[in-house]
Amino acid sequence: MQSAIETTLDIQQIRRDFPILDQQVNGRPLVYFDNAATNQKPTAVINALTGYYEGYNANIHRGIHYLAEKATAAFEASRRAVQEFLNAKHWQEIIFTHGTTDSINLVAQSYGRRFLKEGDEIIISTMEHHSNIVPWQMLCEEKGCILKVIPVNDAGELILEEYEKLLSERTKFVSCVHVSNSLGTVNPVKTIIDKAHAVGAVVLIDGAQASSHLDLDVQALDADFYALSAHKLYGPTGMGVLYGKKELLDSMPPYRGGGEMIKEVTFAKTTYNEIPYKFEAGTPNIADVIAVKTALEYMAGLGKENIAAHENDLLQYATEQLSELDGLRIIGQAKHKIGVISFVLDGIHHQDTGVILDQQGIAVRTGHHCTQPLMQRFGIAGTTRASFAVYNTKDEVDRLVQGLRRVQKMML
Amino acid sequence: MTINEKQDEIIEEFDLFEDQLDKTQYIIDLGKKLPPMPDSKKTDENRIMGCQSKVWVDAELKDDDQTGARLYFYGDSEQTAQISKGLVGLLIRVLSGEKPEDIANADLYFIPRVGMGNLITSLRAGGLASMIERMKAFGRAYTEKTV
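Going down the list, the protein sequences come from chains W and S. The first sequence runs 1 to 412 under UniProt numbering. The second sequence runs 1 to 147 under UniProt numbering.
Since the hints were made in silico from the structure, they are not lab data. Quick reminder that beta carbons are idealized off the backbone N, C-alpha and C, glycines included. Be aware that one or more of the hints could be misleading.
Stated by the list, open to error - Covered stretches of chain S, going by a simulated chain W footprint (3 or more residues, C-beta under 8 angstroms):
no.	region
1	22 to 33
2	55 to 67
3	95 to 106
Unchecked claim - Computed beta-carbon distance windows for the label pairs:
no.	chain 1	residue 1	chain 2	residue 2	range
4	W	153	S	49	47 to 53 angstroms
5	W	28	S	39	36 to 42 angstroms
6	W	19	S	32	40 to 46 angstroms
Stated by the list, open to error - Listed below are the simulated DSS-like cross-link pairs for lysine-lysine, each with C-alpha atoms no more than 25 angstroms apart in a straight line:
no.	chain 1	residue 1	chain 2	residue 2
7	W	70	W	190
8	W	245	W	195
9	W	409	S	32
10	W	143	W	304
11	S	54	S	145
12	W	409	S	33
13	S	54	W	409
Input sequences plus hints: build the corresponding full structure.
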């Protein structure tokens, strides 16, 4: 089965779709392993961006001229593409935002401010990115809500028994990451959602890391909100999505004023537009939204299951190879992981590791990965993280291993 | 040796290496030679902010009858952060034992000239600029005291 899947993707051919990969860094061919931060963009996506600016740049929704019509149609076609990608029931459930962080803030500020009150409890997890911690802390401070945290075990998996203990009729909101950016852990979000719904809580899933690796179906998950970022989907930066169930979005107040979110304005009163426009104040990121459709089509063309199989193959290979290095400890050994491998080297600072790998043309991420509480849980200041995308190869993993041997030789 | 003579000497040493990795190795080795700072000096007050790794710098003014007041620097990093330690070592080599006003006014041209460009940019968040700023601040503070 594994080999059948491998033959379906010609990685060398795929690499040619990503012009940025064909370059030397510090005299060596670039190895790009910082995909969890952002992945690279295929030519088709880059062309979609320039195609808009060269061909039909216009502000959308209100123009009556040809270019405005064309831009509006492309923009809304992207919304339908995202709807299909997430299997949302209604196109109105797809809100364009600036990214996952922006989407989470929208929910915290709009839903949270309207519906949460003093004493209500919000549950997040130890492995949240700061962007799924801070908006809730801000809300708790403002409204007097209480933040509770699901702990993780030594393998880097959420302890579901502890989660169940945290749940009660006081739990009003649960916000949890689908896939950990630091550890690669895939969380059992369906179980998390079902258990939260059983006590009447509303659930947001942070899908920033999950979206390019896993099949997503917000209806099957029964997620109330799902947040993601386009730049982690082979799409452009500064553009994200908030999925929300229609009835929830309808009940929420807009949290930014101006532009398309308005139905009618008088100095006495303003009435708001319908969803999704109610939440899309101002001129949106038109080119980037349009290019998202291209990114989704690109992924669909490769087949998401093929991408996942290839990345899983790389993860297994990298785990085996890295485990052979003396003094290397992998942080996060969950049974269910996607292509992220985080590790520490005995006696070597992660920053030094990153610098010396960079000098060998290998791009990794080092530090706390905006998950400081998780690092504290493991008693470390940070890790070195290699994260994979569809265009990465086993040869590149070998380069990483050689690079790390060089780091150890230099430092120890 | 003046600050600039020391800088020129360092530039010459680094010119011996063509490969970036060899230059980095040299910095690491300089760090290994740096005498450790006593733990009592590794205080929050002496900590350089803006470093991904922990780095401390302290200074002491010593009066020399012949040459007047000179400022001596001590620095260290957390044990594993050897590149940071090496960079502190390099700065100490250039600035330590000099007159406070010379330190305050030093033009540290050796940094772009040693061809560590990529190392420096990688560490830009790592606080090299903060280290330099701290050492110059010591220079300024002691200039006022000694003038």
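Comparing the hints with the structure gives:
1. A stretch counts as covered by a chain when three or more of its residues have a beta carbon under 8 angstroms from one of that chain; for the region 22 to 33 of chain S and chain W the count is 3, and the coverage holds.
2. With a threshold of 8 angstroms between beta carbons, the proposed coverage of the region 55 to 67 of chain S by chain W is violated, since 0 of its residues qualify and at least three are required.
3. With a cut-off of 8 angstroms between beta carbons, the region 95 to 106 of chain S has 0 residues touching chain W; three or more are needed, and the interface restraint is violated.
4. Take residue 153/W and residue 49/S: their Cβ atoms lie about 34 angstroms apart, and the range 47 to 53 angstroms is violated.
5. Distance hint check for residue 28/W and residue 39/S: the Cβ-Cβ separation is about 40 angstroms, which falls inside the suggested range of 36 to 42 angstroms.
6. Between residue 19/W and residue 32/S the beta carbons are some 42 angstroms apart, a value that agrees with the proposed interval 40 to 46 angstroms.
7. Restraint check for residue 70/W and residue 190/W: not satisfied, since their Cα atoms lie roughly 39 angstroms apart, outside the 25 angstroms limit.
8. Restraint check for residue 245/W and residue 195/W: satisfied, since their Cα atoms lie roughly 18 angstroms apart, inside the 25 angstroms limit.
9. Between residue 409/W and residue 32/S the CA atoms are separated by roughly 14 angstroms; this keeps the pair inside 25 angstroms, and the hint holds.
10. Simply put, residue 143/W and residue 304/W have alpha-carbon atoms about 41 angstroms apart, too far for the 25 angstroms limit, and the pair is violated.
11. This hinted pair does not check out: residue 54/S and residue 145/S have alpha carbons roughly 29 angstroms apart, beyond 25 angstroms.
12. This hinted pair checks out: residue 409/W and residue 33/S have alpha carbons roughly 17 angstroms apart, not beyond 25 angstroms.
13. Proposed proximity of residue 54/S and residue 409/W is supported: the alpha carbons are some 23 angstroms apart, at most 25 angstroms.
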